[in-house]
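Chemist: Chain residues, written in single-letter form:
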Amino acid sequence: DAGVIQSPRHEVTEMGQEVTLRCKPISGHNSLFWYRQTMMRGLELLIYFNNNVPIDDSGMPEDRFSAKMPNASFSTLKIQPSEPRDSAVYFCASSLAGQPQETQYFGPGTRLLVL
Amino acid sequence: GNSVTQMEGPVTLSEEAFLTINCTYTATGYPSLFWYVQYPGEGLQLLLKATKADDKGSNKGFEATYRKETTSFHLEKGSVQVSDSAVYFCALSYLDGYNKLIFGAGTRLAVHP
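Listed in order, the protein sequences are those of chains C and W. The opening position of the first sequence corresponds to residue 2 in my numbering, with each subsequent residue numbered one higher. The opening position of the second sequence corresponds to residue 879 in my numbering, with each subsequent residue numbered one higher.
If you're looking for bench data, these hints aren't it; they were derived computationally from the structure. Glycine is no exception: its CB is placed at the ideal position from the N, C-alpha and C atoms. It cannot be assumed that every hint is accurate.
As the list claims (entries may be wrong) - Within a straight-line C-alpha distance of at most 35 Å, the following computed DSBU-like cross-link-like pairs (lysine-lysine) qualify:
| no. | chain 1 | residue 1 | chain 2 | residue 2 |
| --- | --- | --- | --- | --- |
| 1 | C | 25 | C | 69 |
| 2 | C | 25 | W | 934 |
| 3 | W | 946 | W | 930 |
| 4 | W | 938 | C | 25 |
| 5 | W | 934 | C | 79 |
Said to hold, decoys possible - Just a few of them, taken from the derived set where beta-carbon distance is under 7 Å, the chain W residues facing chain C:
| no. | residue |
| --- | --- |
| 6 | 922 |
| 7 | 976 |
| 8 | 981 |
| 9 | 983 |
Unchecked claim - Label-pair restraints from in silico Cβ distances:
| no. | chain 1 | residue 1 | chain 2 | residue 2 | range |
| --- | --- | --- | --- | --- | --- |
| 10 | C | 4 | W | 888 | 24 to 32 Å |
| 11 | W | 959 | C | 29 | 46 to 54 Å |
| 12 | C | 29 | W | 917 | 36 to 44 Å |
| 13 | C | 53 | W | 990 | 41 to 49 Å |
This is chain C alone, in the form it adopts within the complex:
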C-alpha cells in the first residue's frame, strides 16, 4: 500500500510566486483533508472534500488559497500569490467516509518556505 503521496516534499519560493501542492489519496478513500502546521498555530484544518466535492473550506485563511479535487485520485492546494507567513508544513490526509471508526491517514507533508 503506497499510502498518501504528496509532492513536492520541499518547496522554496519567493514572495509573490504561485505555489501548487499536490496530493494523491489512498486508493478507495473518498474523503480528503488539507492541513497546515506551524509552530505558532499548530495543526489547522484548511479544507476537506468528500467524493471530490468540497464540504467545508472555512479554514482556508484567505482568497489567496484555493483547493481542487478534479478526480478521486488527485487534489491540489494552490497559493497565489504566496507570502512569507504561508511558510509551514502542509499535510494531506485521506479516509473512508461513513465509517466513524475509520481513521485519517496522513501523507509525509510538504515543507514550504516563502522568502
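Given chain C's structure and the hints, the job is docking chain W onto it.
Modeler: Chain W in isolation, oriented as in the chain C frame:
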C-alpha cells in the same frame, strides 16, 4: 461544540519512566477517540483508537481507555524509550459522516537516556 484539550508540554522523562499524557474532550454524541504520533520531520500516524465507552486502545506498549464518565482518553506507557520522543495528538471524530477529526494542540515528549 466539540473540542479536545491536552496537557501542555513539553514532557521530559528519563528512559524507562512511566508516561501519562492527559486528554479530555467535549462532544455531542459518541465520537471515536484517537491518539496520533508525529515523529520529527514526518506526518501524523495513528497510534491507537477506541470507538466506544470503556474500550481500550493499545499499540507499541501505549494504552488509552475511553472514559465516558470523565470524558477522558489519557495516554499511558509503562516504560518509555528514547525512540518514543515525538509529538502526541489526541483527537475525536466529528460525527458529520466525513471522518473529520478535532485535534488537541499536541504534547511534545522528550525521553532522555
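Chemist: Compare the structure with each hint and give your call.
Modeler: These are the hints, each one checked on the structure:
1. 25/C / 69/C: Given pair residue 25/C, residue 69/C holds - Cα atoms ~12 Å apart, limit 35 Å.
2. 25/C / 934/W: 32 Å, holds
3. 946/W / 930/W: 9 Å, holds
4. 938/W / 25/C: Between residue 938/W and residue 25/C the Cα gap is close to 28 Å, so the pair holds against 35 Å.
5. 934/W / 79/C: 40 Å, violated
6. 922: It holds, given that the least Cβ distance between residue 922/W and chain C is near 4 Å, below 7 Å.
7. 976: 5 Å, holds
8. 981: At 5 Å from the nearest chain C Cβ, residue 981/W passes the 7 Å test, so the hint holds.
9. 983: 5 Å, holds
10. 4/C / 888/W: 24 to 32 Å: Check passed, 29 Å falls within 24 to 32 Å.
11. 959/W / 29/C: 46 to 54 Å: 35 Å, violated
12. 29/C / 917/W: 36 to 44 Å: Cβ of residue 29/C to Cβ of residue 917/W: about 26 Å, so the range 36 to 44 Å is violated.
13. 53/C / 990/W: 41 to 49 Å: 47 Å Cβ-Cβ, so the 41 to 49 Å window holds.
In the structure shown, a violation is registered for the earlier hints numbered 5, 11 and 12, in ascending order.
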